[in-house]
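Trainee: Listed below, chain by chain, are the residues.
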Amino acid sequence: MFQSILTAVAAIGVIGLLFGITLSIASKLFAVKTNPKIVEVRAALPGANCGACGFPGCDQYAESVAKKDSVITLCPVGGQQVIDDLSVIMCIDVEQTERYVARVLCRGTIDKTKKEYDYLGISTCQAVNTMYKGDSSCNFGCLGLGDCEVVCEYNAIIIEDGVAYIYEDNCVACMKCVEACPKNIIVMVPDKGRVTVSCMNTDLGKKVITACKVGCIACKKCEKICRFDAIHVINGKAIVDYEKCTNCGECIDVCPTKSINRYLLNI
Amino acid sequence: MMKILFVILGTVLVDNFVLTKFLGICPFLGVSKKMDSALGMSGAVMFVMTIASAVTWVVNEYVLTPYGLDYLQTIAFILVIASVVQFVELLLKRFIKPLYKSLGIYLPLITTNCAVLGVALLNIQNSSSFGMSVLYGFSAGLSFTFALILFSGIREKLESSNVAKSFKGLPIALITAAFMALSFMGFQGMFTF
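Listed in order, the protein sequences are those of chains A and B. Under my numbering, think of the first position of the first sequence as 366, with each following residue one higher. Under my numbering, think of the first position of the second sequence as 17, with each following residue one higher.
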């Protein structure tokens, strides 16, 4: 009885020991040398694997930073904290960087626009966009089926009344929504820029108004009132120059279609 | 030669590990969403199954049976499989870096894959020879590959089809798997080996 227990323990022990020894020898023999900096840099990165830095994931970015192939300011998710950490690890000095947030350039909610047909297909913006550029009367606006909402890993996007809204507190500027939007109406703007023209419609005048009640009709009133030369009508739509904009809001009051909006913090 | 063919065909079609024996269901559902990862996973499983059935046969024949320790089969085989997987991982990391990267987490997960343990135990149950064990291990891996590739192909098609909301995702996948298992019953009794 006692002997059979002993044989069992010995047999399994010996097998385990043999495999253990083989494995440890193998791990020494086949060891892959890695740069210790890669491990340190990787630990400092947030690990979101969002790809905003341009690399497939945090591992690849860490490898590139450790080799000094790329700059240490590419991670928008980690923000200033990660840049500070990386500058300590890599012994590089950097200046402060600006925070960016995503902004949806459309306020054409379902009461402002009309549906041109009833769409019953696959419920993604990508799919509806292939059918006559979407079911909305405005061919430039938000389709409201939430491709951006799905792709956002930080719960920073909600669809309300057929238009996407950004919850800026949660936005880390990973650019995933920018890529997901088939209409290209999500853009990255500096956090300090609070005034934005929420329209991408490049048509003029009446054509815009029939499509959407809050569209930019390219009347240039904003361009004339601006004291800082910070807003210009280019290609049939007004665009704010955030280098010059002081968020004074005079263009907001003068806009006849209310297509310029002040984006408040912490809504 | 005919026998080898019969073993392979029999294991892949008649006694398919996933669809008839219901072994390795967890990666079957978990890794079948994309064809690329399904291919990587099935390659790794095939490799590990072949090697594991060889090593477990040796361990059983020369260590367990002579000392009358047959009752330790399960624990000894798990030990063997875990070590083999670790060893394979080391080898891949050193010599075939792209494959190691594409397999990612799936490789360590094979350690706990019941299909691998199943093939080792079935080899002992059938008291097959060394060559037969290795062949059986390989064809078991092949059967896993076959089922996984078929299933992931169907699932990729399902992604873009209009499925009722309550059935979206895993429910429809389970129903699909059930139909596949049902259709594989049609092969029952085609070959014997």
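Calculated from the structure, these hints are not laboratory results. Be aware that one or more of the hints could be misleading.
Claimed, not checked - Below, a list of computed lysine-lysine pairs in the DSS-like style, where the Cα atoms sit at most 27 Å apart: (1) A:Lys480 with B:Lys49; (2) A:Lys585 with A:Lys623; (3) B:Lys49 with A:Lys433; (4) B:Lys117 with A:Lys432; (5) B:Lys49 with A:Lys393; (6) B:Lys50 with A:Lys393; (7) A:Lys433 with A:Lys402; (8) A:Lys432 with B:Lys113; (9) A:Lys398 with B:Lys113; (10) A:Lys479 with A:Lys585; (11) A:Lys609 with A:Lys572; (12) A:Lys433 with B:Lys37; (13) A:Lys480 with A:Lys609; (14) A:Lys479 with A:Lys557; (15) A:Lys398 with A:Lys480; (16) A:Lys609 with A:Lys571; (17) A:Lys402 with B:Lys109; (18) A:Lys609 with A:Lys586; (19) A:Lys402 with B:Lys173; (20) A:Lys432 with B:Lys49; (21) A:Lys402 with B:Lys113; (22) B:Lys173 with A:Lys393; (23) B:Lys173 with A:Lys498; (24) B:Lys37 with B:Lys49; (25) A:Lys623 with A:Lys589; (26) A:Lys557 with A:Lys572; (27) A:Lys398 with A:Lys432; (28) A:Lys498 with B:Lys109; (29) A:Lys433 with A:Lys480; (30) B:Lys50 with A:Lys433; (31) A:Lys432 with A:Lys480; (32) B:Lys109 with A:Lys398; (33) B:Lys49 with B:Lys173; (34) A:Lys433 with A:Lys398; (35) A:Lys398 with B:Lys117; (36) B:Lys117 with B:Lys37.
What the hints assert, rightly or not - Simulated coverage check for chain A against chain B, where a stretch passes if three residues somewhere in it have a Cβ under 8 Å from a Cβ of chain B: (37) 387-394; (38) 596-606.
Only a predicted model underlies this, so the values are computations on that prediction, with no experimental measurement involved. Note that beta-carbon positions come from the ideal geometry of N, C-alpha and C, so glycine has one too.
Trainee: The structure should be examined with respect to each hint, and the outcome stated for every one.
Mentor: Verification of the hints:
1. A:Lys480 with B:Lys49: violated (35 Å)
2. A:Lys585 with A:Lys623: This hinted pair holds, its Cα atoms lying about 13 Å apart.
3. B:Lys49 with A:Lys433: violated (37 Å)
4. B:Lys117 with A:Lys432: Cα-Cα ~20 Å, so holds.
5. B:Lys49 with A:Lys393: violated (36 Å)
6. B:Lys50 with A:Lys393: violated (35 Å)
7. A:Lys433 with A:Lys402: Satisfied, since the Cα-Cα distance of roughly 10 Å is no more than 27 Å.
8. A:Lys432 with B:Lys113: Holds. A:Lys432 to B:Lys113 sits at ~19 Å (cutoff 27 Å).
9. A:Lys398 with B:Lys113: holds (13 Å)
10. A:Lys479 with A:Lys585: Given that 27 Å is the threshold and the Cα spacing comes to 26 Å, the pair holds.
11. A:Lys609 with A:Lys572: Roughly 31 Å separates the two Cα atoms, so the pair is violated.
12. A:Lys433 with B:Lys37: Violated: A:Lys433 and B:Lys37 sit about 53 Å apart, past 27 Å.
13. A:Lys480 with A:Lys609: violated (38 Å)
14. A:Lys479 with A:Lys557: Violated: A:Lys479 and A:Lys557 sit about 33 Å apart, past 27 Å.
15. A:Lys398 with A:Lys480: With a Cα-Cα distance of about 60 Å, the restraint between A:Lys398 and A:Lys480 is violated, given a limit of 27 Å.
16. A:Lys609 with A:Lys571: Violated, at about 30 Å.
17. A:Lys402 with B:Lys109: holds (19 Å)
18. A:Lys609 with A:Lys586: holds (18 Å)
19. A:Lys402 with B:Lys173: This hinted pair is violated, its Cα atoms lying about 43 Å apart.
20. A:Lys432 with B:Lys49: violated (35 Å)
21. A:Lys402 with B:Lys113: holds (20 Å)
22. B:Lys173 with A:Lys393: Distance of about 45 Å is beyond 27 Å: violated.
23. B:Lys173 with A:Lys498: Satisfied, since the Cα-Cα distance of roughly 25 Å is no more than 27 Å.
24. B:Lys37 with B:Lys49: holds (22 Å)
25. A:Lys623 with A:Lys589: Satisfied, since the Cα-Cα distance of roughly 16 Å is no more than 27 Å.
26. A:Lys557 with A:Lys572: Distance of about 33 Å is beyond 27 Å: violated.
27. A:Lys398 with A:Lys432: Measuring from Cα to Cα gives roughly 14 Å; hence the hint holds.
28. A:Lys498 with B:Lys109: Answer violated: A:Lys498 to B:Lys109 is near 48 Å, above 27 Å.
29. A:Lys433 with A:Lys480: With Cα atoms ~52 Å apart, A:Lys433 and A:Lys480 exceed 27 Å; violated.
30. B:Lys50 with A:Lys433: violated (34 Å)
31. A:Lys432 with A:Lys480: Since the Cα atoms of A:Lys432 and A:Lys480 sit roughly 53 Å apart, the hinted pair is violated (cutoff 27 Å).
32. B:Lys109 with A:Lys398: Judged against 27 Å, a Cα distance of about 11 Å means the pair holds.
33. B:Lys49 with B:Lys173: holds (10 Å)
34. A:Lys433 with A:Lys398: holds (18 Å)
35. A:Lys398 with B:Lys117: holds (16 Å)
36. B:Lys117 with B:Lys37: Violated, at roughly 31 Å.
37. 387-394: holds (count 4)
38. 596-606: violated (count 0)
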